[in-house]
Every structure is written in C-alpha cells, then in structure tokens.
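Okay, here's what each chain looks like letter by letter:
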Amino acid sequence: MLKYILKRLALSLLILLGVSLIIYVLIRCMPVDFIENKIAAMNQGGATIPEETVENMKKLYGLEDDSFMGILKGYFNWLVKLCQFDFGTSFKYGAPVIDVIVSKMGVSFAVAAIATIFEFLIAIPLGITAATHQYSIRDYLVTVLVMIGISLPSFFFGQILKNVLAMKLGWFPPSGLIDATQTLSGMALLGDYVRHMFIPILTVVILSIGGRMRMTRTEMLEVLNSDYIRTARAKGLKERVVVYKHAFRNTLIPLVTSLAGLLPSLFSGAIITEQVFDLPGIGNVAFKAMMEADIPFIMGYNMFLAILSVLGVLLADLMYAVVDPRVKLA
Amino acid sequence: MAIEELKKENEALPDEVEAVAAPAAEETEPHEKNVRLMSPTQMVLRRFFRSKLSVVGLVMIVSLFLFCWLGPVVYNQWGQGDVDETGKVEYTYSEITYTDENGETHTFYQVVETGKTVNSLAKPDKSHPLGTDKTGKDVFARLMYGGRVSLAVSFLAVFIITFFGVVFGGIAGYFGGWVDTVIMRICDILMCLPGFPILLIVGTLIDSFGIKGQYKIYYLMAFLTLISWSGTARLVRGQILSLREQEYMVAAEAMGYSAARKIAKHLIPNVMPQLIVSMSLSLGSMILYEASLSYLGLGAPEKYAAWGTMINIVAEDQNILQNYFNVWGPPGICIILAVLGFNFVGDGLRDALDPKMRR
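Just so you know, the sequences run in chain order A and B.
One point on numbering: in the numbering used here, the residue at position 33 of the first sequence is 34, and numbering is uninterrupted.
One point on numbering: in the numbering used here, the residue at position 174 of the second sequence is 968, and numbering is uninterrupted.
Incorrect hints may have been included.
Said to hold, decoys possible - Listed next, with one range per pair, are the computed distances between beta-carbon atoms:
1. A:THR219 x B:ILE1005: 40 to 50 Å
2. B:VAL829 x A:GLU223: 32 to 42 Å
3. A:ARG250 x B:THR929: 51 to 61 Å
4. B:GLY1007 x A:ALA322: 23 to 33 Å
5. A:THR219 x B:MET837: 14 to 24 Å
6. B:ARG844 x A:LEU122: 28 to 38 Å
7. B:PHE843 x A:LEU312: 27 to 37 Å
8. B:GLY1032 x A:LEU12: 14 to 24 Å
None of these hints come from the bench; they were simulated from the model.
All values reported here derive from a predicted model rather than from experimental measurement.
Beta carbons: idealized from backbone N, C-alpha and C, even for Gly.
Input sequences plus hints: build the corresponding full structure.
Printed below as a string of structure tokens:
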C-alpha cells in the first residue's frame, strides 16, 4: 500500500511537471510588448504596478532572454520558486498570488461544498427510485428532468433564476456577497451571506444533480440484477431491506469514490456562475486576472488547479481501495 | 421483467418470434419463408427507434440543423449583421408643474422627441418574428446564423477529438510497451490540465497575436481538441487491450496482415459502438463549451452571431435581462434543445448498442 502511494506520488510529480511545462510555454508565447501594453493599461486604469515588480516578473520568467537556453533557464527559475511556494506577486491585486488565492477561496468553497451536499442528498434518492421502478413513468420523468438539468448552460439558467427570483420576485439579492447599504454582524451577517449565496447554490445544484442521479441509477440497476439480490429476495426479505441494506451499500462504492474526485471543484471556484452573480470568489478573481493578462496570477492559479486535480485523482484511487475490500492496489 | 411487458415485446416483434417458433412447427416448409434475417445494424436501429426519447432527440437535432442551414435561405430579409434602420420618431410627454412668485401654478407639457434612426429593441412583430436586439439586428436571423457557428464548430471539434483519440489510443493499445507508457502519461498530463482557465489563457494569447475576432472561436476550439482527446484515447486503448487477446486476432496474425490493417479493419470497427456513444454525448458538451466561451466574450465579435454571444448582452444590461426576454431567451433555448437532443440520442444509442440490453 505504502509502496503504491509512493509510486503514485512520484507519478503525480511527473504529471505536474508536464502541466507546468505546458502552461509555461503558453505564457511564453505571449509577445513581451503585448504584456507591457497590458500593464500600461492596468496602470492607466488606476492600478499602480511598481516598475520593480514588472522587472522582478521579467527576471522570474526570464522574459528578456528569448533564446532557447533563456527559455529553459526561465522555466527552471520559475520551477524552483514554485517549489518554495513562491508564485510571485499579482499585478492586478498587488499581493502575493498565494495570498489572493487563499483569501478568495472561502466563498467559492462555501458555495461548492453546500451545493455538493445538496446534490448528493437529492440525487441519490432520485437515482434509487428511478432504478427500483425501471421503465415506469416515474423513471422516465426523473430521467427526462435530470437530462434537462444536465443540458442547461449555467450562464443562461443562472440569468433566468436571477431574473425571476431576484429581480421579478425580489426574494433574493441579485448579485454580490454582502449588502453594502447595511452593516451587519453576527447572525444577521450570516443570514445575509445565505441570502446572497442562495441562487448561485441553487444553480449549481440543479446543473449537477443529473450526472450524480444517472450514476446512482446505473450502478443501482447493475447491483439489483446481481445474483445475491435474487438470493436476498428468495430468502423472503422485505423489499425495503433488499434495496437499502443489500443493494444500496454496493451502490455507495462508486459514489464515495467520486466524492474524492470532487476535490478540485470544491476549491477551484465556478468561473461562470461566480461571473453571473458577481460573487467575489476565486473563479471570478481568476477570470478578471486572465482577461487583463496578469501573468503571475494566471500561472499561480493554473498550477493550483493542476495540483488539486492530481490530488483528486490520487485520492479517488485510494478511496476505492478503502471502500471496496475486493480492490487490491499494486 | 413483468409478464405484461414480455407480451408487449412479443407483439412488437412478430418476425423475430416467428424465426424461433416456425422451424419446429412446420418442418417441411423452407425456412427462408418465415425467417427474416436481421443484420446487427438493423437490430441496433430497431432498438434505437423503439425508444421514444431517442427519437425525440433525433427530431430535435434534425430540426435545429434544418432551421440553421435552410432557415436563412427562406427567411432572407435580414442577415446576421444587418441593422434595421427604419427607426420611428417617438415622442414622450412629461408634465411639469411650477409655481411662480405670485403663487400661481402653471402646468406645462414637455414634449421630447426621441428620434432614433435604428429600430432597436423592437417587440416581436411581422417584420421581426423575435424582435430586434440592442443594435437593431434581427434576433430571428441571428439565431439561425449563430446556430451554424455553434453546431459546425462542435461537430468539427468532436470529429477531430475522436480522430486523435482513435489514433493515439489505437497505437497505445496495439503496440503496448514503452509507446503505451508514453502516450498514457501524456493522457494523464492532459487530464490534469485545467481546461477552462487554459482556454482563457489561449484566448489572451490569440488576442496578442492580433488574430481577427471572427476566427477566434475556431482557434480556441482547435486548441480545445488538442487537449481533450485523452478520454477517447483511454476508451479506445482499453477496448483494444481486451480485443487483442481474442482468437480472431490470432487468425489475423496468422494471415500475415499488416499492423495498420489489423488496427483499422479488425480492431477499430469493434470499438465503434462505444465511440459513437461517446461522440454523441460529447457533442452536447462541446456545444456547451462553445457557448460558454462565447458568453465570456471569447467568441466572435458582436457583429457575427453566436448563441453564447447573444446571451452575453444581459451580463452588462440589466434592462434587457429584465424586459427583453425575446432578445436573450431564444438562443438559450436553442442551446438547451441542441444539448438535450444530443444527450437523448447518445443515451438511446448506448442502450441500442449494448449487447446486454436485448429487449
């Protein structure tokens, strides 16, 4: 087991190396004068980027030297800094990239975590009923509804919910995270957060229920067709016991495993949803940084995402062995 | 399975049932009379068309295609960039009451002439079935032209992804060894690339090269194909690994066929069912991808229509979001229809092509 984990970790490092190389090459393809123009535009827009920061950035990525060796040297310089957790200083936000990411992560994490909980709570029972009543009206209805959910573009559905729930009905605030007109504290502040996050979370939940429900349904059907379920029925067990105690437990295996795979989406932030509702989460911040060619932030954010997804894959595989005793890692 | 259902099946499939029952009953009759042979393709088609959802999906897709490609031929008053210049001069009245120093109140009517040369944000009527947008372009026409971009780009992307996936997955699965290791490691790396943020970087990159805005989405989707073939490659490799060990491949080996022929003629056709399913399902997600990119402003400029771009307008303009659903609603509904259609068809194909699902 330990050997397997070590092997996988080594492999993960290799993958991260590859990812970093791709991201670095992409950034290096950008002409230097384009970057300088963008920085000038940012300075005009009110930001003050000290000449020193720009020079540091150029040195960090070896932007002055365009020869092959220069590019190679720049990459290794950047890589060494990366290993010391130094992602550089963001132009746009004027703070170390890591600090910006950590400070904005909370909102994105809250939205994603609450949405994931509701997604599982709603999708699993739906999947079970659809499977136990296969080819019934209930099955078709649930299937069609969640298919529509999968097919919704998040920006369009988000705008519709915003239009109806926030603007027409006025039940929830349309955008932002806090009400700027009042100063709240304690429970009132928490309530305000909840009110602001309600529609974004609703959007994410409705869009993601479908995949989870279909997964539950497929797995459940597979388990329900297996021999030991027939044995359980033949023993005269109640249908409830057969479904929830015998079948559902095995359905849980892939569901729990997929939970580990959700790790990246918990922290990475939903770019489009946050954009639609103007939530100050990490996705929104990253989008703005990318639109203005804030190179240190782009590099830092993408590496952060890559590390998360590598960890997610690794955790999912390990989880599989933990949940299912039949699986042996080698 | 319930007995009623079995009965229904029997009624639905008279030919197949006869094929089993007839030879025992009438030994003297020649078999050909009562037996109708069905090729595997026919059986798949039959199972596909028996499911209502997949037929609905197919109808949705076909009608969207007809709408987008034949629509502009029939409805040709407006192009995607044409601005309706027949603006009407409108008058707005407002009442102004003012009290002079003597304490008498006077009431005036202020008449403001709002002359606009462009017929913008028109309500749906005879000349504009879905009204016009903020710049006076016909929404209905733009819907059709926008669909062309979205559908064509997604189709191209999926075919290229499948091509790459089949080639790399086929090579990896067939040859194994270090070739397999290298290709699979590349797949691992591509799988861990954060797709959307990377595309945003590429969007900036394209800007920096000064490429014309109308071609931007093609470059973006081309890049997307380069980084997203890993899923298909894995699918093909896994399938080929198991097929490689079967007897008919030993036979092909004994016949002395070349590796290319064995891959192309004997292995790939057996991977086709899974490939077709994954293609039709990824068509839906490609349309969503394209629309999201356009929505974020990475697509074509406003002059050229795309479904995502047409919805983009509501991000800045609250007035349109609240009062002009006819401007931003239809493209969203079209996206949903397209994605839903491909998902239905993909689902139906999966059931139809699954040999375990003989019902």
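Ascending list of hint numbers which this structure does not respect: 4 and 7
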